[in-house]
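Student: Generate the whole structure from the sequences, applying the supplied hints.
Listed in order, the protein sequences are those of chains A and B.
For the first sequence, the numbering used here begins at 727 and goes up steadily by one.
For the second sequence, the numbering used here begins at 230 and goes up steadily by one.
Hints were generated in silico from the structure; no laboratory data involved.
Treat the hints with care, as some may be off.
[As the list claims (entries may be wrong)] Straight-line Cα separation of at most 20 Å, DMTMM-like style, residue types lysine to aspartate or glutamate; simulated pairs:
id, chain 1, residue 1, chain 2, residue 2
1, B, 282, B, 308
2, B, 247, B, 308
3, B, 232, A, 767
4, B, 282, B, 251
5, A, 783, B, 333
6, B, 286, B, 255
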Amino acid sequence: GQNIDQPTEMTATEGAIVQINCTYQTSGFNGLFWYQQHAGEAPTFLSYNVLDGLEEKGRFSSFLSRSKGYSYLLLKELQMKDSASYLCAVGHNTDKLIFGTGTRLQVFP
Amino acid sequence: DVKVTQSSRYLVKRTGEKVFLECVQDMDHENMFWYRQDPGLGLRLIYFSYDVKMKEKGDIPEGYSVSREKKERFSLILESASTNQTSMYLCASQVGTGGGGNTEAFFGQGTRLTVV
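Tutor: See the structure below:
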């Protein structure tokens, strides 16, 4: 089976840094994805990690530790438009893609 | 740009009806997925398909079936719709990797189904 956990809600201030954690337990692990979903819209891809370490992409970075079953998404210089849900998803070697319940981030001025 | 198109944005059906949700992708992707999204429960995988006529159950397949007769089209079927199937349904497609790696999945805009 699989289990993916992430916080339900987080709040932060414009210009700040926020870290959204995701822990997982699964067999056949084949990479971890982060998606962003604005209210009423489809999820859009942010990042993918398959090896341990940090992947940086502009204001967003994603980290993976396979031995700990742990990932985080780091958002820097927060903007109001970053208010959205952030979805952690685990890829499997069968190509199955399983999502966590998502973290709703609210950014305040 | 990859395009994943779901046939309806909003749908209202009666209890007991047979409902078809259609999804078409234009990038020759091998993998296609159907999820439902409910508040507090996130995206839950109903079925996925890794090739024409091939399908795998996801976490919540009960009450649903799927059809993939052509590579670009993946249909979700509610055999006899019930009120607890009222939800947002999202289709996604992805390049197939044969288990050798994983790639970005692209989503359709979703179908909000209400069963009354």
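Student: Hint by hint, note whether the structure agrees.
Tutor: Hints and how they fare:
| no. | hint | in the structure |
| --- | --- | --- |
| 1 | 282/B x 308/B | holds (19 Å) |
| 2 | 247/B x 308/B | holds (5 Å) |
| 3 | 232/B x 767/A | holds (15 Å) |
| 4 | 282/B x 251/B | holds (15 Å) |
| 5 | 783/A x 333/B | holds (15 Å) |
| 6 | 286/B x 255/B | violated (24 Å) |
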